[in-house]
Amino acid sequence: MDALFEFLFTYRDIAFQQGDFAFAAPGSLRPLLGIAAVLAASAVATYTIARGKSSITDRIIMASLRVALLGLLVFCLMQPILRISTVVPQQNFVGVLIDDSRSMSLENEDGTQRRDFIEEAFTPATGSLFEGLSDRFVLRFFRFSDVADRIDGLGELTYDGTHTNVARALDAAREDLAGVPLAGLVMVSDGADNDDRPLTEALVPLQAAGVPVFTVGVGDEAVEPDIELGRVELPRAVLEGSTLMVDVVVTQYGFGQRTVPIVVSDETSILAEEVIALGPDGEPVVARIGFELDREGSRRIEFQIPTQSGERIEENNRRTAWVDVRGEREKILYYEGEPRFEVKFMRRAVEDDENLQLVVLQRTAESKFLRLSVSDSTELAFGFPTTREELYRYRALVLGSVEASFFTFDQLQMIADFVSVRGGGLLFIGGHSAFAEGGWIGTPVEEVLPVVLTEPQGTGPQGYFAEVRVEPTPAGLAHPAVQLDAESGAVTTRWDSLPPLTVVNPITRIRPGATTLLEGINTDGITTDRQVVLAFQRYGRGTSIALTPQDTWLWQMHADVPLEDQSHESFWQQMLRWLVDGVPEAVSVATDQERVEPGETVRLVATISDSTYLEVNDAIVTATVTSPSGVIDELPVDWTVEEDGEYVVEFRPREMGDYEIDLEAIRGDATLGIDQSVLHVARSDEEYFSSARRTSLLQRLADETGGRFYTSDNTTTLPEDISLSGAGVTLTEEHDLWDLPVIFLTMLLLMGAEWGFRRIRGLV
Amino acid sequence: MKTASARRIRGLGGFALTVVASALLTATVTHADSGRFTGLGHGPASTSLGDHYASYLGAAPTSRAHASQDIQGPPYDGDYHFVRIAFQAGRRGFGGFGRRRGGAMWAHDYPRADRNFLAILDETTNISTTRAASNVYTFMDDELFRHPISYIVEPGYWNPSDEEVERVGEYLRKGGFLMVDDFRGPRELDNLEFHLKRALPELDMQAVTEVDEIFDSFFRIVPQDVVPPYGGYPPAWYGIYEDNDVTKRLMVMINANNDMAEYWEFSDYGYYPIDLANEAYKLGVNYVVYAMTH
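Residue numbers (my numbering), protein chains in the order written: chain B, 1 to 764; chain S, 765 to 1058.
Excised from the complex, chain S in its bound form (with noise of 0.2 angstroms):
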């Protein structure tokens, strides 16, 4: 019976968070891609970098080859690289090829999301990271296993082949740490549990409750705090423990019928309250804290 707890000496005061976001995402701005901002809303915010690798992916990643090592973002150093996981919305099971026009389903909010949560989490914790860029990878890429947290939105329409499937089984078995962000909706979710199942087959989804220590390994989360910035399902946390016991490890982490990267992508731009956008941030850092000690 592992003995473990977590328990916060001294939290940081307030939110000093919404203060040093703010100042942090303008400068952030200033230097991001000059991406096609789509609006407010679901809309992938397509990049070139996007683009091109949504464009390579038109083929069937069947292989363990790199798509490109100028587009998959910094290389290893030792520390800790947001790693977003690249896909393409297949035909089969309960996805479809895209529900929307204009990029590839795993690049929403990319890249300014994964920027603004990198320069918050390097401010906000002793975690050594780059602010530059984030890493973007298959599960069939080699690269990937140097990142034990990786992060992987819209899987209502992932559709992995069986040999993907089997890689992520073997990154999570691992101690790999999958972030799974920006879906909803009963029929999304279900999507995901099929194929999480094919992965993990001895292993079951669960709900996480709000006494995990995922919820308090940085700061301290409600989650029934966090509202989602849209749609109309409550939000929900589900995992996948190690063996099926709640007092091991989360090896996946699901935010169901949310989308804290949307937060991340506008948190600058004054569309949602600061209080809402400082909510998803604290997710994200308490999970990547975690994925680390756990």
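Looking at chain B on its own, in the form it has when it is part of the complex (with noise of 0.2 angstroms):
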């Protein structure tokens, strides 16, 4: 096609798309335009007048061509010309970028590799793209992948990187030859770009210096038979004897629709196997897998699927991930304002849980109160905490049947801070006083609470009494906390088997943004409205959970339920668990990345605020840095000024392994708090996952410059099109159009029309 392109026009498409238009023809254009008029109307008269045995079409069809090539004629008279810039000889210079990452060894399916192309194209004299550029330009070699550099020579490419950070290349591309006239870049890459800066940064400054990018694309588009296992999201610190639910994303090319398992594993042992359907060619599917963390320190996770038979790539079978089990002892208060049986049966179900201090304060009786698992005799002595700082020590909080009127305003208002500003989690359970029944409207936790409550329903003395039997949603069953420690698949039948419960507080409806993990369908089989039995949202910096029955107790003690049975057990070791995941401490530490490269930087972000939570600016902040041989590395931590309480330090860390982070803050002679947290240094298997050709990304690149897109079979014309390309130091050439081989053969067209057109009609 471009070939035939080029024999009618005599030049390539790129040269007219750069050119610009214009006539040669002496003086003005107005007497060629006239005459021009004139010999248009003499044809049309001669037609009019010379009527024959001719009918009104022929005459109008003939005149027409005759005018159309009188008017072609006309075109040519003018002169029209192609003027176009192009680049001076050896007077320019292009950057070429190749991409140094791992992903450029990958075969093709011919078998080949995709860097054999850099040698095949870039070896000096013998390349065929080399010879073409470098009679042109001057060249300048870089490479690029987790950092970009200037190379002397193809000997420097090493094809390791482990990232392909698109953006940051032709950053340092346009910032090297920023001094010289430069006529455009040339990138070779497959396009497998897996950093998160955005693109458009990168090709902004490219636009405004008119610096055209011409990208090359090697590898295939679709790595076909394979597996791949995608995006794994854990969080970055659990408790001890957490329950995990996550979602692994299978994506598959040439394998139909098998199964495959995925095996959990961490340094020791299997954490668990699932086995999965795979979907259909390049459709995703997500597999949940739960599993338990049971050992306290940094773990390393691995998901991995076993290599299929003729699978292209094994790499992107397995996905890594750390977290680090806490063995810490949380401490939540439960508030009961009046002794019932959810008190025994909760604590009774977390006591063998060292990771959980379940503190109870039982009102029983008015202005008398039990105290439970304190940790002092000091703790709780006047009651309910009258103050922030008392609140807070506390990571979660639980609410019983209380009515609110028992609270001060300011303790109301406390609780809704607990959650919005300490970040602390909210249990309220059904009983009473509890929700509307205990005259929580228009209280300040009221909006904290994911459901919305509506006043008592009058149905009685003894007020609203209804029976549901509990189901999980469809949110529910992928929710950690309601999972039950059933085996994958048993859940809805572990719940099934679960005896009705109680409710006293009718509650249907939860608030926008809230979610609902469990519902209750009432056993009478009258009642359609189904009763929200477990909701929550996250409220400012923290969740808030509603639980509406009042005797969960019941999944214990029923009997219905054998003794073995450890529902009751997970239900409340989860909940609890949940309520204190991810609490913030008033001082934190975290890396903004869990793994990095040796050498790579890292930044270090911490929190820091006082006991009430407010955040604080003018600490003294240090950080402890370990690397694995020892070597102890103290970097201060500076206040970012832009956010409060944010204190960051950059560092690169050299040592693979494990580094261990301690954090101070000192405020005056006080400490503000301490953490810790781990950063993960080694090497990433990133550039074996979506490694397919991005075509879509280079020829973005290309458009968004000025430039073009090739394949590596396809680079013939390159040195050409930079030519033309029109940056860098040019010369203007004119190029005549009248010989152009395509007015010709319409010339002959038009004629040939006319006379054709005779003959059929008899008019010769």
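Since the hints were derived computationally from the structure, they do not count as laboratory data. All values reported here derive from a predicted model rather than from experimental measurement. Worth double-checking, as some hints may not be accurate.
Taking lysine-lysine pairs in the DSBU-like style, the calculated list, with each CA pair at most 30 angstroms apart, reads [unchecked claim]: (1) LYS368(B) to LYS1012(S); (2) LYS331(B) to LYS368(B); (3) LYS961(S) to LYS1012(S); (4) LYS1012(S) to LYS331(B).
Please assemble the complex out of the two chains, which come individually in their own frames, going by the hints.
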């Protein structure tokens, strides 16, 4: 097609795209246009007068053909030209950016490697592109992967980079060549960019400088047959003994809908194994895998699908993640307004959980309290906390059947702030004095709750009472808090086996943004509205949860529940663990990435608050970083100014392994708090994921900068195309267009058409 | 290691309980069923309800069948109910077929004691309960498992079948709490221990000391100050702890050589000194609060 175009128009299409069209006839064009008009008029007049035996239609067609021919003639007399800016040979530079990442070593379908094209095209003297480019331009070579730097020859390429960062590569080349006339950049890559930085950030300066980018895509657009274990997301830290529910995304090409196992393991043992059915080609399927982490420390969790016969890439069958399993004892305050069995059975359910301390403040009579599982004799000595410092010591708060009027307004506001400011978890349990029946409507706590409270129903002196059978919603089936420690797929069965509970707070609606995990079906067979049994929402920095039944202990005690059944224990352990999950400390530290390459810059971010969780900007914060070999660095962490309470420092780990980070925040003479974190320094396999050639990215890169996209087998015109790009030091050339073959052929066509028409119509 | 502690923040001053009890129980008597009062002492206050149930229990309870819904008391509503265990005084074991005439052994002091106690519990604590009536179940009743606190008397004459014993074990292991009252002498204690051992073979009956949380869960009680209403044996407190660990929960609380329900039944009649009746009520309140929180 391109050859035909070039035959008809003499020049390639890019010349017409880049060039300007003009007429070179001397003087004004008006006389020529006047002559054209006279000739056209006389032609029309001739056909009008000399009628003969022709019809009016015949005369219109013949006049039109003749006028078109005359018009083409006049067009040629006007001397049309094409003005093209072409670079001055050897006075312009071209930057050649070569992808040096691991994915360049992947094999193509024909058995060659992606990197083979580099050798073939850019080897000095013999390379197919090298010759064409070096004849016209001064070449500068760059390699890019995690970083981008200039190289003197192909020998410096290692194809071992663990990331492909296109934007950074473009920036580096543009900056390096900023002082020279730049005709364009040539990027040779598979386009498998795996950096989060928006490409636009790198494109804007190039567009402003008028530097076109010519991209050469290498590799296959589809890697087949292959299975890829895609995204796996785990929390950075969990409490020891927690059960995680992890979504694993699996995509395949060429393996049909076969079933494969996913194995989850840590350093010492297999944690879980799940068999999944693969979806159609290219369609990801999501597998939900649950497993328990019961050993304290930094744990390396690997997800793996065994390599299938004939797979193109083995490395993308596994994913690795790290989880900091914390063995701390999390303190939860449970305030119960009336003695009832929920207290006893909740305490029993978690008494063997060494990571949970359920402190109970039980009101046994008016102004009379029983304290259980307190740390010392002073804890809660004056009843429910009256200061934020006292309340914020707990990571979660459970409110049982207690009326809102028990609390002062300040205490109610404090409970709301406990969730929104401190980031604690709040669990509200059903009972005679809970929710609307406890007068919580209109209090600061009401809007914290995930459910909509309505005025109590007047259903007699005993109030509302209903028995509901509990079942998980679709969202609940996917939530770790309501899995009941059941085998995958057996969760619904387990819920079906549990006896019904009773509710005295009719709640059927949740707030916008809240999620229902459990709902209740009234056993009377008449009521159709479903009771919201368990719902939650994020509120500020924390989470609030509503559990509306009054007697979950029946799941333990009921005659239909076997003695050995652990549903009740599992439910409460998971519930309370969920309640404290992710609750922030006053002082906390984390790295912006959980795993980095050696030498990669890491951003250490600390948030510093006082005991009332007000952000502190004048603290002295120090991070002590211990390398795997034991080298200790003390880094001052500075306030960012932009964000209250946020402190940042950057550093570059050099060793492979785990870096321990201990952070201490001091204000005046007092220590505000300490925190620890772990940074994992290891090589990444990211290059093996989504590693098919990303033509769309390379095409966009070229289109938005005025360049062109090529595949590796179609680069012959690249040097000339750069010459015509107009960038750099250029000469303006004028090319006549009157002698284009396409004009001559069109004239012949018009004359032939008229002659043929006359013959057909018998007008000769 | 559990770090449980129970401390009273503020007690009810003096014994307002005394005044409350007198006033309340006067009202209670007027509402009570016209039970056949058989006189002061250990005699069973048989009622038509009690007789009905006792006659039903003439047949051995070998299945989970309910006796009759109308005699079991108010239906489950999530609140605390006083649950009395009915049983057939057997011929086997150390017991006998009832040592007294005129009523079932399980029904001693029933129902006045139960109602009086519920009235006191309702007035002195925040516990949501019903004052209308107590519930009566056998260990074979499924409904019993919706009431984790139960009360049994005259265990010296308790002679459960193997099936019942299994249910006792299940009830207690799941989280149930059993109050044992109204018996005296080593022979009856031995009978109780024998059957509890059948139900909980791995657990032992052991003395409950005065520092146990159960004596401090609501009122501060000095057990030595509790005087039995009659009988020639010194009062003693025994219990069965989970895992035989005294720091864990009490599953069974035994008032040996004592009869707190006797005080409850007649506290409004003036037969017993008010102070003694108070101690009996305090024990009951403490047991219930303890069992709801431990």
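Query raised in the report: Would the pair LYS1012(S) and LYS331(B) pass a check requiring their Cα atoms to be no farther apart than 30 angstroms?
Result: 20 angstroms, holds
Requested in this report: Please work out if LYS368(B) and LYS1012(S) have their alpha carbons no farther apart than 30 angstroms.
Outcome: With a Cα-Cα distance of about 24 angstroms, the restraint between LYS368(B) and LYS1012(S) holds, given a limit of 30 angstroms.
Report task. Please work out if LYS961(S) and LYS1012(S) have their alpha carbons no farther apart than 30 angstroms. Result -> 19 angstroms, holds
**Report entry** Restraint check for LYS331(B) with LYS368(B), where alpha carbons must lie at most 30 angstroms apart
**Finding:** Roughly 23 angstroms separates the two Cα atoms, so the pair holds.
In this structure, every one of the numbered hints holds.
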